[in-house]
Amino acid sequence: MEPEERSLAGLFMSFQAPIEIPGVSNYDFLLMAINARREKDGLPALGPLEFYSVVSQKVEALKMEPKILDRNVNEGFSGGERKRNEILQLSVLGADLALLDEIDSGLDVDALEDVAHAVNGLLTPQNSVLMITHYQRLLDLIKPSYVHIMAVFGIEVDYDCPDFPTSFCLFFLSG
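Numbering (the working numbering), first residue to last: 873 to 1047.
Because the hints were derived from the structure by calculation, they are not lab data. Just so you know, not all the hints are guaranteed correct.
When the alpha-carbon atoms are kept at most 30 Å apart in a straight line, the in silico DSSO-like pairs for lysine-lysine are as follows [unchecked claim]:
{"hint": "1", "residue 1": "Lys930", "residue 2": "Lys1015"}
{"hint": "2", "residue 1": "Lys935", "residue 2": "Lys1015"}
{"hint": "3", "residue 1": "Lys930", "residue 2": "Lys912"}
With the hints as constraints, model all of the structure from the sequences given.
Here you go:
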């Protein structure tokens, strides 16, 4: 499948180092992406004003500045801004399966808490998240349903966490 087909099928993937997209504002990028998903689902496209009311609530929930929408995708962003921007994208687009690769990398304590809160808020019984991290600190904020601790030669420890109500899988990589 091509990347756009995977996205339309409900897959979202974040990256360790999100790329810049010069000349494309976050607002335009998100509006085009959500309308492509809506078209696939047989729903009418959102107009710019209607979409702004949706996306501005999500920006506020992530404690981001509204001007983030006017900036080009990841252009000149700090590491923390890039990670929050990916969570904003996930929040707007929704996903049946989200793959979050080191979403905690480069975040200060406050940003980590905001991102963890946002990820926890996005989980439903209808979706799943697979996270990759090298740090215990994320486990203190997000309670997964499964934890697989990986080592050089494969899965080292496998935990089942039945108290977590949604389908959530976290790979915690030990060094």
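Note to self: Given the hinted pair Lys930 and Lys1015, is their Cα-Cα distance within 30 Å?
What the structure shows: holds (22 Å)
Check: Between Lys930 and Lys912, is the straight-line Cα distance small enough, at 30 Å or below?
Finding: holds (23 Å)
Item checked: Lys935 paired with Lys1015 [C-alpha distance capped at 30 Å] -> holds (22 Å)
The structure shown violates none of the earlier numbered hints.
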